[in-house]
Amino acid sequence: NAGVTQTPKFQVLKTGQSMTLQCAQDMNHEYMSWYRQDPGMGLRLIHYSVGAGITDQGEVPNGYNVSRSTTEDFPLRLLSAAPSQTSVYFCASRNSPADPGNEQYFGPGTRLTVT
Amino acid sequence: GESVGLHLPTLSVQEGDNSIINCAYSNSASDYFIWYKQESGKGPQFIIDIRSNMDKRQGQRVTVLLNKTVKHLSLQIAATQPGDSAVYFCAEKRRSSTLTFGKGTMLLVSP
Numbered sequence: 001n002a003g004v005t006q007t008p009k010f011q012v013l014k015t016g017q018s019m020t021l022q023c024a025q026d027m028n029h030e031y032m033s034w035y036r037q038d039p040g041m042g043l044r045l046i047h048y049s050v051g052a053g054i055t056d057q058g059e060v061p062n063g064y065n066v067s068r069s070t071t072e073d074f075p076l077r078l079l080s081a082a083p084s085q086t087s088v089y090f091c092a093s094r095n096s097p098a099d100p101g102n103e104q105y106f107g108p109g110t111r112l113t114v115t
Numbered sequence: 001g002e003s004v005g006l007h008l009p010t011l012s013v014q015e016g017d018n019s020i021i022n023c024a025y026s027n028s029a030s031d032y033f034i035w036y037k038q039e040s041g042k043g044p045q046f047i048i049d050i051r052s053n054m055d056k057r058q059g060q061r062v063t064v065l066l067n068k069t070v071k072h073l074s075l076q077i078a079a080t081q082p083g084d085s086a087v088y089f090c091a092e093k094r095r096s097s098t099l100t101f102g103k104g105t106m107l108l109v110s111p
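Going down the list, the protein sequences come from chains A and B.
This note's numbering applies: residue 1 is where the first sequence begins, and numbers increase by one.
This note's numbering applies: residue 1 is where the second sequence begins, and numbers increase by one.
Derived by calculation from the structure, the hints in this document are not laboratory data.
As the structure is a computational prediction, the values presented were derived from the model and not from experiment.
Cβ atoms here follow ideal geometry from the backbone N, Cα and C, with glycine treated the same way.
Once the Cα atoms are required to be at most 30 Å apart in a straight line, the calculated DSS-like pairs of lysine-lysine come out as:
1) B:Lys103 with A:Lys9
2) A:Lys9 with B:Lys37
3) B:Lys103 with A:Lys14
4) B:Lys56 with B:Lys103
5) A:Lys14 with B:Lys42
6) A:Lys9 with B:Lys42
Here are some, though not all, of the chain B residues that point toward chain A, as calculated from beta-carbon distances under 10 Å:
7) Pro9
8) Ile34
9) Gln45
10) Phe46
Could you build the full structure based on these sequences and the hints that come with them?
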């Protein structure tokens with residue numbers, strides 16, 4: 001298994017541009033989520049999904065959209081990038097939404113800079 | 001307010017010492033806690049977890065202690081090694097499926 005994969009690893013955008021951060025997992029996990037990590041802020045939940053066709057907002061959803069058309073993929077879309085979205089983005093997955101005792105696996109991250 | 005926080009932003013230890021990383025939480029409804037390790041340039045990696053009906057849980061070289069009376073969580077690493085150098089996060093489960101992370105403590109192990 002490749003686990004959780006993210007692309008790209010690095011990205012530079014200009015203010016107002018749009019892009020999609022890709023996330024895929026090959027473990028047939030139901031639960032997937034996106035976090036952003038900023039210095040001194042820890043990881044903050046952006047959006048999450050408990051299964052295909054179901055998404056919900058996390059702590060900091062503004063400026064981001066998600067969709068979950070398949071179990072494997074959970075892309076994160078920035079519709080109009082802003083400098084405040086400069087961050088490192090992590091995608092994560094685990095098997096059961098209801099039982100957090102299932103280990104949550106993180107991807108390697110995407111470092112995004114918005115100028 | 002409700003938060004998960006860490007007492008020490010940086011902890012420096014000598015190789016072979018035992019390390020203790022602390023975490024305070026304020027949401028008494030949280031029923032599950034996890035410790036993660038994050039090495040530079042990588043995503044967080046699960047270390048150990050504990051449910052709120054437990055006081056202690058042990059893994060390989062790691063022990064998590066939960067004190068619900070004072071809402072305190074700690075991670076103990078025995079015989080700390082240079083490879084343990086990383087940022088350590090505690091996380092708590094507040095809603096049915098989401099986790100909330102603390103800000104992290106950097107552990108520096110010198111040989």
